[in-house]
Amino acid sequence: MNSDKCCCKQSADCGGSSQHVRTLTPDWGVSDFLGMIRVRLGCGRMSYGMEPGLYAMGSPTPESPVLATANYKLTVDVLRRELGDRDLWLLVLDTANVNVWCAAGKGLFGTAELTRQIEATRLAQHVTRRRVILPQLGAPGVAAHKVKSQTGFHVVYGPVRAKDIPEFLDNGQDATPEMRRVTFPLGERLALTPIELRQQFRAALILVLALGLTPVIWRGWDQGLWNHGLRGAMAGVACWLAGCLLGPALLPWLPGRAFWVKGAFLGAALAAGLALTGVVQGLLPGLGAMLWLGAGVSFLLMNFTGCSTFTSLSGVKREMKAIPAQIAAGTMGLVLWSTGWWL
Amino acid sequence: MRYLKNVVTLQLNESVCIGCGRCVEVCPHAVFHIHHRRAVIVDRDACMECGACARNCPVDAVSVIAGVGCVTGLLNRALGRKGDCCCTEDSCC
Ligand code: SF4
Ligand code: SF4
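Taken in sequence, the protein lines are chains A and B.
Numbering-wise (this note's numbering), the first sequence opens with residue 1 and increments by one.
Numbering-wise (this note's numbering), the second sequence opens with residue 1001 and increments by one.
Hints were generated in silico from the structure; no laboratory data involved.
A few of these clues could be false.
Said to hold, decoys possible - Derived DSBU-like pairs: lysine-lysine, alpha-carbon spacing no greater than 30 Å straight-line:
id, chain 1, residue 1, chain 2, residue 2
1, A, Lys146, A, Lys73
2, A, Lys106, A, Lys163
3, A, Lys106, A, Lys321
4, A, Lys106, B, Lys1005
5, A, Lys106, A, Lys146
6, A, Lys321, B, Lys1005
7, A, Lys73, A, Lys163
8, A, Lys106, A, Lys317
9, B, Lys1005, A, Lys317
Said to hold, decoys possible - Not everything, but these chain A residues come out facing chain B in the computed CB check (under 8 Å):
id, residue
10, Gly105
11, Pro140
12, Ala143
13, His145
14, Gln173
15, Pro177
16, Arg180
17, Leu186
18, Leu251
19, Pro252
20, Ser312
21, Leu313
22, Arg318
23, Met320
Said to hold, decoys possible - Derived DEER-like restraints, expressed as beta-carbon distance ranges:
id, chain 1, residue 1, chain 2, residue 2, range
24, A, Arg81, B, Asp1060, 35 to 43 Å
25, B, Gly1080, A, Met332, 47 to 55 Å
26, A, Gly107, B, Leu1079, 41 to 49 Å
27, B, Val1016, A, Ser47, 40 to 48 Å
Small disclaimer: the values here were computed from a predicted structure and weren't measured.
In this text, a Cβ means the ideal position worked out from N, Cα and C, and glycines have one as well.
Throw the hints in and build the complete structure from the sequences for me.
Now the structure itself:
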């Protein structure tokens, strides 16, 4: 086994396999932190990857466990941080730099890629037990029984969260029901909001500019911009923040099950708040704000279904039937809102 | 948090189930239990249609129309635009 590893490092003539085992350490450098911040903000996620293949953490022996994961660098970074100085093998699959959950949904983290890597890295020559631990969230892409029949490797699904892996390993590779449950706590929801905010930024900017500048037509620069326009722009910004930040944060406490319902409530509450603070003035514009903010926040929060970990495709398709109503309410709301400019 | 009621496409054919327990192992929302050495659906509405159970059932006892419930992705597809979902979209500078 060892001679096999050495040969690859020393010469290119290695029986057609250029696989050698690289090593990983648990420590993060500055660039790892900066990289994490960058991808959390939605920048360069699709190119934040690392070389697929077999890696050694610590000094693994042929008895050490094998963990498979995706080649999204943040995923591997979190794994090596959580696993500390344990001795184990890490089999990094080529998922086109996409994380395990998303890659499994697309079949990139899948049966074919797993069997390919098991063979390409000659995994069976490195370990005595033909057993590979996969993250549970990879299960939508991998058919464990097919991996077994094609490679002889038995697939064990590990916990959902990387932080539970040490306990899982110490428990004889047995995951508790809690370790198998996907949750969606506040911290996770908030971590997704920067991407949400920037995805909707352009639409929000258009709304803010339209609400801020159109009143000038009727009211002139002074009144139009600094009174009506400013208040409209504030309402527009509030809509964006409510749909992309406040809504995700308050998700469990908003009434209703459908996201569009939750969003409509939040938007209407926001309009009431703006009326109380004097940002919205008058009955018709107030009603209008209720409608367009309700529709806007409803739509934005409905988009958050894509990030959530408990919404189903069938459910989201049903929710999308609300889009015509959102468009109607939004249009009507904006018309009512504009009465404040010309009435 | 609970999502919509009576909407998912999950189906279990209990007569072919061999009680291996894979579906219980892979499901992130504890939808299945093993009861008298057969799988049963105990919390159908919790299913998020990820497809892990169907993919891993060795005897094809489970079926579900799996996919990512993502409005952005579904809208993009409906409008013939690129970007199948938020998780691969790279909205960079
Ligand atoms: S995976 Fe299939 S065979 Fe195994 S317990 Fe579940 S339904 Fe039954
Ligand atoms: S599709 Fe996913 S969430 Fe639904 S029952 Fe199967 S494993 Fe559980």
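Evaluation of the provided hints:
1. Proximity of Lys146 of chain A to Lys73 of chain A is assessed by CA-CA distance (about 27 Å); at most 30 Å being required, the pair is judged to hold.
2. Between the alpha carbons of Lys106 of chain A and Lys163 of chain A the distance comes to roughly 25 Å, so the proposed pair stays at or under 30 Å and holds.
3. This hinted pair checks out: Lys106 of chain A and Lys321 of chain A have alpha carbons roughly 25 Å apart, not beyond 30 Å.
4. For the proposed pair Lys106 of chain A and Lys1005 of chain B, the alpha carbon gap of about 26 Å is at most 30 Å, so the pair holds.
5. At roughly 18 Å between alpha-carbon atoms, Lys106 of chain A and Lys146 of chain A fall within 30 Å of each other, so this suggested pair holds.
6. Our distance criterion of 30 Å between C-alpha atoms is met by Lys321 of chain A and Lys1005 of chain B, whose separation comes to about 16 Å.
7. Between Lys73 of chain A and Lys163 of chain A the CA atoms are separated by roughly 17 Å; this keeps the pair inside 30 Å, and the hint holds.
8. About 19 Å separates the Cα atoms of Lys106 of chain A and Lys317 of chain A, which keeps this hinted pair within 30 Å; it holds.
9. Distance hint between Lys1005 of chain B and Lys317 of chain A is fulfilled; the C-alpha atoms sit about 13 Å from each other, no more than 30 Å.
10. With its C-beta approaching chain B no nearer than about 5 Å, Gly105 of chain A sits inside the 8 Å limit, and its interface hint holds.
11. At its closest, the beta carbon of Pro140 of chain A sits 4 Å from a beta carbon of chain B; the interface hint therefore holds under the 8 Å criterion.
12. Restraint check, Ala143 of chain A versus chain B: the minimum CB separation of about 5 Å is within 8 Å; hint holds.
13. Given the 8 Å rule on beta carbons, the hint for His145 of chain A holds: about 4 Å separates it from the nearest Cβ of chain B.
14. Given the 8 Å rule on beta carbons, the hint for Gln173 of chain A is violated: about 12 Å separates it from the nearest Cβ of chain B.
15. Nearest Cβ of chain B to the Cβ of Pro177 of chain A: about 7 Å, under the 8 Å cut. The hint holds.
16. The restraint placing Arg180 of chain A at the interface with chain B holds, with a minimum CB-CB distance near 7 Å, inside the 8 Å limit.
17. With its C-beta approaching chain B no nearer than about 12 Å, Leu186 of chain A sits outside the 8 Å limit, and its interface hint is violated.
18. Hint status for Leu251 of chain A: holds, given a least beta-carbon distance of 7 Å to chain B, under 8 Å.
19. Here the hint on Pro252 of chain A is kept, as its CB sits about 5 Å from the closest CB of chain B, short of 8 Å.
20. Given the 8 Å rule on beta carbons, the hint for Ser312 of chain A holds: about 4 Å separates it from the nearest Cβ of chain B.
21. With a least beta-carbon distance of about 4 Å to chain B, the hint placing Leu313 of chain A at the interface is held under the 8 Å criterion.
22. Nearest Cβ of chain B to the Cβ of Arg318 of chain A: about 6 Å, under the 8 Å cut. The hint holds.
23. Among the interface hints, the one on Met320 of chain A holds; its C-beta lies about 6 Å from the nearest C-beta in chain B, closer than the 8 Å criterion.
24. Roughly 39 Å separates the CB atoms of Arg81 of chain A and Asp1060 of chain B, a value that falls within the hinted 35 to 43 Å.
25. Checked against the hint of 47 to 55 Å, the C-beta distance between Gly1080 of chain B and Met332 of chain A comes to roughly 28 Å, which is inconsistent with it.
26. The supplied range of 41 to 49 Å is broken by Gly107 of chain A and Leu1079 of chain B, whose beta-carbon atoms lie about 24 Å from each other.
27. Our hint of 40 to 48 Å for Val1016 of chain B and Ser47 of chain A holds, since their Cβ atoms are close to 44 Å apart.
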